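K.L.:
Starting from two chains that each stand alone, build the complex the way the hints lay out.
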Amino acid sequence: MRVENKSPTFKVASAIFNLLNPVPFGLFVAVMIFDFIYANTGEVLWVKSAAWLVSLGLIFAIVPRLINLGFVWFGKNRTAPAVKLDFWLNLVAVVTALVNAFVHSRDAYAAIPDALWLSIATVALMAIGRVVLAWQNIGFKEFGHE
Amino acid sequence: MNKNKHGLLSVLGAAVVSSLVLSGCDNGAKLDISRQIGANPSMPSAQNFLMPPMQVPAGVGWKDGQAPKVVSGLNIEKIASGLLHPRQVLALPNGDILVVESNGPGQEAVTTPKQVIAGIVKGRSGKGGKGGNRITLLRKKEGTAGEWEKHVFLENLHSPFGVQLIGDTLYVANTGNIMKYHYTPGDTKISDPGTELADLPDTVNHHWTKALVASPDGKKLYVGVGSNSNIAENSLAVEYRRAAVLEVDVESGASRIFASGIRNPTGLQFEPKSGKLWTIVNERDEIGADLVPDYMTSVQDHGFYGWPYSYYGQNVDTRVKQQRPDLVAKAIKPDFALGSHVAALGLWFYNGNNLPEKYRGGAFVSEHGSWDRTPLSGYQVVYVPFENGKPSGPVEPIVTGFHSADEKNLYGAPVGLAQDAQGALLIADDVGNVIWRVSAAKQ
Numbered sequence: 001m002r003v004e005n006k007s008p009t010f011k012v013a014s015a016i017f018n019l020l021n022p023v024p025f026g027l028f029v030a031v032m033i034f035d036f037i038y039a040n041t042g043e044v045l046w047v048k049s050a051a052w053l054v055s056l057g058l059i060f061a062i063v064p065r066l067i068n069l070g071f072v073w074f075g076k077n078r079t080a081p082a083v084k085l086d087f088w089l090n091l092v093a094v095v096t097a098l099v100n101a102f103v104h105s106r107d108a109y110a111a112i113p114d115a116l117w118l119s120i121a122t123v124a125l126m127a128i129g130r131v132v133l134a135w136q137n138i139g140f141k142e143f144g145h146e
Numbered sequence: 001m002n003k004n005k006h007g008l009l010s011v012l013g014a015a016v017v018s019s020l021v022l023s024g025c026d027n028g029a030k031l032d033i034s035r036q037i038g039a040n041p042s043m044p045s046a047q048n049f050l051m052p053p054m055q056v057p058a059g060v061g062w063k064d065g066q067a068p069k070v071v072s073g074l075n076i077e078k079i080a081s082g083l084l085h086p087r088q089v090l091a092l093p094n095g096d097i098l099v100v101e102s103n104g105p106g107q108e109a110v111t112t113p114k115q116v117i118a119g120i121v122k123g124r125s126g127k128g129g130k131g132g133n134r135i136t137l138l139r140k141k142e143g144t145a146g147e148w149e150k151h152v153f154l155e156n157l158h159s160p161f162g163v164q165l166i167g168d169t170l171y172v173a174n175t176g177n178i179m180k181y182h183y184t185p186g187d188t189k190i191s192d193p194g195t196e197l198a199d200l201p202d203t204v205n206h207h208w209t210k211a212l213v214a215s216p217d218g219k220k221l222y223v224g225v226g227s228n229s230n231i232a233e234n235s236l237a238v239e240y241r242r243a244a245v246l247e248v249d250v251e252s253g254a255s256r257i258f259a260s261g262i263r264n265p266t267g268l269q270f271e272p273k274s275g276k277l278w279t280i281v282n283e284r285d286e287i288g289a290d291l292v293p294d295y296m297t298s299v300q301d302h303g304f305y306g307w308p309y310s311y312y313g314q315n316v317d318t319r320v321k322q323q324r325p326d327l328v329a330k331a332i333k334p335d336f337a338l339g340s341h342v343a344a345l346g347l348w349f350y351n352g353n354n355l356p357e358k359y360r361g362g363a364f365v366s367e368h369g370s371w372d373r374t375p376l377s378g379y380q381v382v383y384v385p386f387e388n389g390k391p392s393g394p395v396e397p398i399v400t401g402f403h404s405a406d407e408k409n410l411y412g413a414p415v416g417l418a419q420d421a422q423g424a425l426l427i428a429d430d431v432g433n434v435i436w437r438v439s440a441a442k443q
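Note that the protein sequences, when read in sequence, are chains R and B. In terms of my numbering, the numbers along the first sequence are unbroken and rise by one, the last being 146. In terms of my numbering, the numbers along the second sequence are unbroken and rise by one, the last being 443.
Here chain B stands alone, though its shape is the one from the complex (with noise of 0.2 Å):
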């Protein structure tokens, strides 16, 4: 009896040695994220996982006076804080500013058991806080510094992201539809119930954010549509006119499918010098750390960029059961990774003359920070330097420290990008709660 108990246990024991060496596998990142940043980023062979990499830092925000860091000769100041998870900012002719806070409308329904694991580790981070569905107007305080003005400018939204003004008409991409208001300059609130332009696809919300620029002409619209899954696991289905960049008639509200196979186009702006319109892309997840690198591409009238057959080109994705060559085969290969995991989440082409030269002419893009890889990625602002309408250099974190440096804690993380009226950079941090303004530095 004795000796079987004996027996049991080195069993029961070498059971949960086993159990736990099989999960303290090293699943981090292999290689460094330098070689994933750039036209033609490594791609190492995808992996499948019992549990795929997952590092998510607690969000504690900001503590009194504690700030993300810039590179030398710029400077960075709080302008407004206490906002309801900020996502985007856009910057008015008067020189007001627009936040849109905001975040999912929390319609997906739980459908696998590891949808609860993940909303758990979600919350944890802060990117979970509860939106505002509102925009909220910032005006600078006359001869003061410190915080700006805040006004509940417009309210009763419904998980709104992408905010444009065309000449007195503002329009608002609620996660179902595009509205559209009377803007007066001046204003500080907007009262009327507005009209709806155009309707988006809204079942299951799993993207749920509706990125939208107006073309500079101001005759069409174009709007983001995130996928409504990682990699179609929710059957395709659901994912009619979705990862997608649609085009919606200003005139008429019409729409059409511009380009297809992006899987969250989460930030569209047009590049100055070609005029073509460019595109943030938060690629899939679950194969490995250093898969797949989020990008900026341009983006083609018709064309197709791979989800979910394929990514970056013609890297198959076998995840999907009813594979389909032919879409593969046209796959368009995106013109500049940004790396594994960074969450891309704003996209700023910068054409003001604040800060110093070597930031004028190129794209700011901030990454909103991994959940996917070991180490952390992204959380950080970048300068991605353009010359002739295409990215020329190495790319240069502008503004970090959003986590600790034992990547325990999460101080912010940073999403919409825009521009204010003296041509420094704003930044909306949905963890912070928080308006930030980067500008040169004082000589």
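Excised from the complex, chain R in its bound form (with noise of 0.2 Å):
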């Protein structure tokens, strides 16, 4: 059963965690792409796009990292098991991404291939997180109130 909730701290948090939180999906989807042209070009120009991409992608997930977490671990009410499968995928692609933002601080051919391996699992994990809710369901906004 759903508790409607009014509370203006939780329309803020949750309208902050809707604008931000889509952003770094994108840009590890787009960090994928580059990296896979680079891999079979060679033209530097994608792999330092690609650099810049998952150092933007890390620094916009801050926030809505945040205020996932605090809506699934210290919500006052139960929270479903798919939002806790969900939150433990974003962790593990957070910390791929930010080991990923490292290999692409290599020059060149360097970073080929484990930052290709590291975009493609970034992508995944959040991809997951993603089906696992809508299988469930569960709308972004629901995650403090379900």
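It is worth saying that the hints were derived from the structure and are not from the lab.
Some, not all, of what chain B presents toward chain R, calculated at C-beta under 8 Å: (1) Thr111; (2) Pro113; (3) Asn230; (4) Ala232; (5) Glu233; (6) Ser235; (7) Glu286; (8) Thr318.
Label pairs and their calculated CB-CB ranges: (9) R:Lys84 / B:Asn48: 34 to 40 Å; (10) R:Ala127 / B:His158: 49 to 55 Å; (11) B:Gly146 / R:Ile59: 50 to 56 Å; (12) B:Ser42 / R:Ile59: 41 to 47 Å; (13) R:Ile59 / B:Lys130: 30 to 36 Å.
Treat the numbers as computed from the prediction; the structure is a model and nothing was measured. Even glycine gets a Cβ: it sits at the ideal position worked out from N, Cα and C.
P.N.:
Given below as structure tokens:
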């Protein structure tokens, strides 16, 4: 049963979460595409761009991940298992993206193949989290009051 | 709920601990540096890192009365201080000394997040200090000890480095061209705007220094042009005429590539016995604290020395995507390794007779010091004995003590070398902003 949460804090946090949460996912997908192109062409434009994207993705991930942490573990009500699974998948994804940012600091082709595997792993983990939530018919907004 | 929170905290804790373990991996040097000095240096296998070994002492400068250490039998004195990042020294025939005060033009665009971090690290060491873009003339005060007279000699230069005098013409290698000026002995200032002899590669200017030496007959100038990257990570398109020694005809200004594949040739000199051109070279970074040794080598006309495809002969660098086995096959193995990451920036074949007998006939090399190695390497001036035009014996550190014993503080860092009219060795120090003079100790 869902309880309507009307607290202003929740609404603000929920809005910020919904605005920022998709950004890292999109950036990490772009990293994966750019790494794939670089691995195949060796044109440094792609790997340099990917280095920026993975760093930006991590910065954009900070706030929504903290909000998610609060909702999932410190909310007033019971949290569904799918929501917890999504939390863990995202946490591991952020760790792989962080390692990936360091790998992208290597010069030229030294980033390959590690960078490509890490960006695929990051995207896969985040994507599975999203699918799991969708399967359970849980929208982003409902994290906190499930 | 409580159980959940516990689980969460322990997993987060594990993540923090494992990331610390990861970053704390021992990336330090495994080889004693002496095994990488000489004609056949040890070559461990290349590594890739999450964070390359990085250790940079904080630039603090020299205190009053503090000076580098010299070996016994030698004396060191400060002949100029308060300079603006002195990089090169040239002794003029009348005993005056020219000091080139310079630093990079700062034109390299920030194209990776890493460059942002690297800029901060370099700034800390004092090696990023602002250059004077000028040449200062030093003249000994007659009959008095202490610092020499300072005259601003030539201004409004653009990241100058190499300077040479042929007859009555002074050649200055800015980062983008070679300028020539008429010089009259005894002058303390040149005010004529000069004329351009030749242009030099000046896009990006990742390695911006243009080392310069005149051939003994005064007909050619040789220019050391560094690569535009560590290992071609800025694409090969910006490496045209780079990582090369160029030969410039003094009469016409026409130039050609004399030798290539030399990552960063920062000092050029003619070896007096053999008459051959020699260079000191800064090799690539970030594949280990023990790779790749910087080196000195004779430079062969049309020779190819490996960069970026291979190092120290045929050791292939896999960081370059477009491999060129045809070029690797003809890469020349350098003559003499100086040690990994020492950053050799000054070369001088000593032909005077002030210094003790054992320091005659060989080469002094100044090592500006490492950033990509733990423990530090370089930060000293060494002597490489020569016999029959080739390095012949153990390398001896002559001037040391540029950093504190705990490797935390940096007082100075040696760059350009020259020999004054009395046969003393001059050392430009671009962190201490000082010119040092090393001579035989009075008996």
